[in-house]
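Asks: Chain by chain, the residues run as shown.
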Amino acid sequence: MTMKILKFITVILSASFLLASCGNNGNSNKQGALTGNAAEKVYVAPGEHDEFYAFVSGGFSGQLAVYGLPSGRLFKVIPVFSQDAEKAYGYNEETKPMLNTSHGFIPWDDSHHPDISQTNGELDGRWVFINGNNTPRIAKIDLTTFETTEIIEVPNSAGNHSSSFVTENTEYVVAGTRFSVPVPQVDMPIKEYKGKFKGALSFISVDPEDGGMDIKFQVLMPGFNYDLSHPGRGKSHGWFFFTTYNTEEANTLLEVNASQNDKDYIAAINWKKIEEYVNNGGGKKMPANYAHNVYSDETHSATSTMKKEVLVVDPSEVPGAIYLLPTPKSPHGCDVDPSGEYIIGSGKLAAELTAHSFTKMLDAIENKKFDGDAYGIPVLSYEAVNAGSVKQAGLGPLHTEFDGKGNAYTTFFISSEVVKWKLGTWEVIDRKPTYYSVGHLMIPGGNSRKPYGKYVLAMNKITKDRYLPTGPEVTQSAQLYDITGEKMELLLDFPTIGEPHYAAGIPADIVAKNSKKFYKLDENKHPYAIKSPAEAKVVRTGNEVHVYMAMIRSHFTPDNIEGVKVGDKVFFHVTNHEQDYDVPHGVAMIGANTSELLIMPGQTETFVWEPKQVGVWPFYCTDFCSALHQEMQGYVRVSPKSSNIKLSWSLDDE
Amino acid sequence: MKKVILSVLSLSLIFLISCGDDKSKKDSTEKKEVKEEVVEVDPMKNKGIGPVTSIELADEIDQGLAKTGEEVYVKMCSACHKPNKRFVGPAPAGIMERRSPEWIMNMILNPEEMVQKDPIAKALLAEYLSPMANQNLTEEEARAVLEYFRTLK
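Residue numbers (this note's numbering), protein chains in the order written: chain A, 13 to 666; chain B, 240 to 392.
Bear in mind the hints are in silico, worked out from the structure with no lab data behind them.
Here the structure is a predicted model, which means the values were calculated and not measured.
Where is the CB? At the ideal position from N, CA and C, for every residue including glycine.
Keep in mind that the hints are not guaranteed to be accurate.
Under the rule of at most 20 Å between Cα atoms (straight-line distance), these lysine to any residue pairs were calculated in the SDA-like manner [stated by the list, open to error]:
1. A:K543 / B:I334
2. B:K321 / A:S662
3. B:K306 / A:E547
If you want the ones that stay clear, here's a sample from chain A, every Cβ over 12 Å from chain B, calculated [to be verified]:
4. E321
5. K380
6. D383
Covered stretches of chain B, as calculated for chain A (at least 3 residues, CB under 8 Å) [what the hints assert, rightly or not]:
7. 311 to 320
8. 359 to 370
Generate the whole structure from the sequences, applying the supplied hints.
Replies: Dropping the structure here:
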């Protein structure tokens with residue numbers, strides 16, 4: 013007995029020791045973390061918020077994903093250029109016009125380079141711009157609603173790649189063409205490309221109040237490929253820089269034929285000078301055909317307008333506005349440091365990076381240090397403009413961003429690494445591998461006057477063995493590095509949607525405070541909105557039937573409709589009457605050849621249903637809205653075409 | 240000997256408690272209170288939980304205000320409340336005899352907290368199942384709706 017009691021005591025004592033030591037466990041974790049505290053650095057506790065937003069493009073997904081940093085958590089996929097059945101984007105009647113182009117409705121594009129609007133060279137968090145590559149377009153996303161609110165097609169352009177970068181007061185969002193093409197388009201032999209094709213660089217003005225976009229002018233450059241671009245800032249504000257390749261003007265097997273010249277160019281464009289020329293009546297209006305699609309938060313609807321004219325400027329008309337800076341080996345990235353002094357060209361076939369000096373460029377222009385010309389555009393002497401180069405930094409440099417502390421970070425695609433180096437001395441400070449084949453990288457504000465140099469996000473094209481396999485197609489990924497120390501530290505891998513082509517990051521506190529919570533029903537100007545359930549009705553015009561419907565937790569008004577006939581085209585205009593945060597409702601109709609609707613509080617959306625069979629057909633709420641979500645449903649009676657049944661509607665027999 | 244065991248036991252219990260964080264401790268005590276709660280409240284004296292603590296009603300109904308209240312009611316409330324008939328939620332006719340004016344306004348302005356904490360609101364949720372939606376009325380709008388309720392018989 014005594015033994016038993018003693019044993020019992022021992023058990024209890026040891027148990028209480030274990031329990032008592034739980035506080036110390038935390039400490040020892042921290043001590044262990046001295047060698048590797050990556051997990052702590054990316055851990056955002058449940059209910060806590062991330063420090064940064066990262067807007068990561070989806071590449072071939074055509075969309076823009078919103079992640080938090082440092083956690084890498086995905087918050088939202090904003091549909092931009094591709095239809096999204098989840099949100100009814102491009103499916104409902106309201107947003108279909110957003111995807112209209114001169115080629116008709118296009119349900120997809122390739123979204124590449126997001127850029128956040130700036131004021132005085134600093135991120136202001138009002139809008140994100142992003143380019144559609146394939147059928148050239150620029151989209152604008154409003155950061156109060158995180159919705160795409162405007163898309164403008166870019167005429168005379170093809171492969172809209174050196175886009176969509178903003179000047180330092182968002183005067184312009186700039187879109188450069190990758191392919192040169194005949195301008196205007198014409199039926200001609202492809203072989204006659206050289207000297208006849210043009211490369212259009214488009215300067216799209218942005219209204220400072222509502223962000224409205226309009227193509228102010230296009231510069232018709234020689235028929236090179238325009239790869240990437242960035243604005244001057246600070247001292248170089250007023251200039252824009254574009255990398256070029258294929259200055260050989262090859263039209264086939266570019267892999268070989270566009271890699272002949274030892275140097276291509278960075279084109280420096282004094283847009284202020286061209287703007288002045290245009291404001292004084294310069295340039296030529298040429299016929300064009302391009303779509304301008306605008307979404308209104310008041311009507312909750314988009315309109316598409318075809319524009320018929322664009323102003324073009326030939327470089328020869330504005331002498332002194334455009335110069336070419338020789339840059340080795342088909343330069344890809346074109347990045348400008350926070351001071352605006354250095355323009356970094358990444359020769360993607362080179363082992364080194366080229367830094368041009370803005371000050372030296374002005375001096376070379378002043379003193380006519382030219383090295384010939386290309387189609388009349390002066391080529392500046394390489395020696396006269398070059399500030400230095402980062403030697404033997406890696407293989408296949410692509411893109412550079414800056415931390416605001418005098419350091420630059422460049423990705424190397426072939427050698428799969430991020431390299432940190434110092435501006436001015438051009439010395440390599442650190443290098444870290446990426447997994448694998450990194451393309452762009454992003455430091456929040458890293459291409460502005462004011463970078464937030466805490467993290468760099470590297471975006472990879474290939475992951476191979478990094479995640480659980482998912483068949484032949486595996487995820488692409490982003491990787492987060494801490495850059496607060498002398499050496500970079502890899503903190504986190506996370507999978508992304510589509511191809512994480514490029515990203516724009518911003519401190520969360522600039523954006524979060526402006527985020528809209530719901531739409532006011534009072535301000536809803538949708539032509540088919542109803543402001544109270546008493547206004548619910550069903551109206552027939554010929555074979556078109558318009559249902560004016562309201563939804564609130566958890567019923568539809570009306571929820572019984574009769575008098576619809578086979579062959580009718582039924583429009584469900586559904587208004588969400590909730591007036592509270594995070595109470596969307598969905599709606600879907602059996603057999604409708606479209607997606608569901610996902611309707612935010614105060615919003616109206618429309619889907620079309622063309623009933624093909626007689627019967628009584630149900631519809632229901634698709635977004636789990638309340639405890640009685642499964643009760644949120646209704647029926648439509650569909651009668652034969654010849655039927656005389658009167659149109660009627662009700663809720664609870666009223 | 241048994242006494243010793245007991246004291247050791249209680250010690251380890253203290254350790255147990257101190258290892259949990261404050262929040263979970265609070266939660267557990269709160270849950271306990273909830274269980275013990277008995278719904279025996281005078282509805283006319285219960286002012287509910289929310290921004291409205293005291294309302295003075297004039298003897299005469301302000302017809303202008305009631306009209307405004309009716310407009311707000313039709314737009315924001317009528318999807319679930321019919322004036323004289325039980326619908327998704329209860330009918331407001333006669334509510335002035337059933338509830339204090341403060342309670343009514345707090346139920347409109349602060350429904351989430353009310354259905355969790357106020358004994359009458361909790362009982363209503365249990366009966367109607369559909370939780371009262373927050374339609375984000377301003378205090379002025381809720382006051383107008385209250386005035387409209389005074390006109391309902």
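Asks: For each hint, tell me whether it holds in the structure or not.
Replies: A quick look at each hint next to the structure:
{"no.": "1", "hint": "A:K543 / B:I334", "result": "violated (25 Å)"}
{"no.": "2", "hint": "B:K321 / A:S662", "result": "holds (15 Å)"}
{"no.": "3", "hint": "B:K306 / A:E547", "result": "holds (19 Å)"}
{"no.": "4", "hint": "E321", "result": "holds (45 Å)"}
{"no.": "5", "hint": "K380", "result": "holds (67 Å)"}
{"no.": "6", "hint": "D383", "result": "holds (66 Å)"}
{"no.": "7", "hint": "311 to 320", "result": "holds (count 6)"}
{"no.": "8", "hint": "359 to 370", "result": "holds (count 3)"}
Consistency note: the structure conflicts with earlier hint 1 alone.
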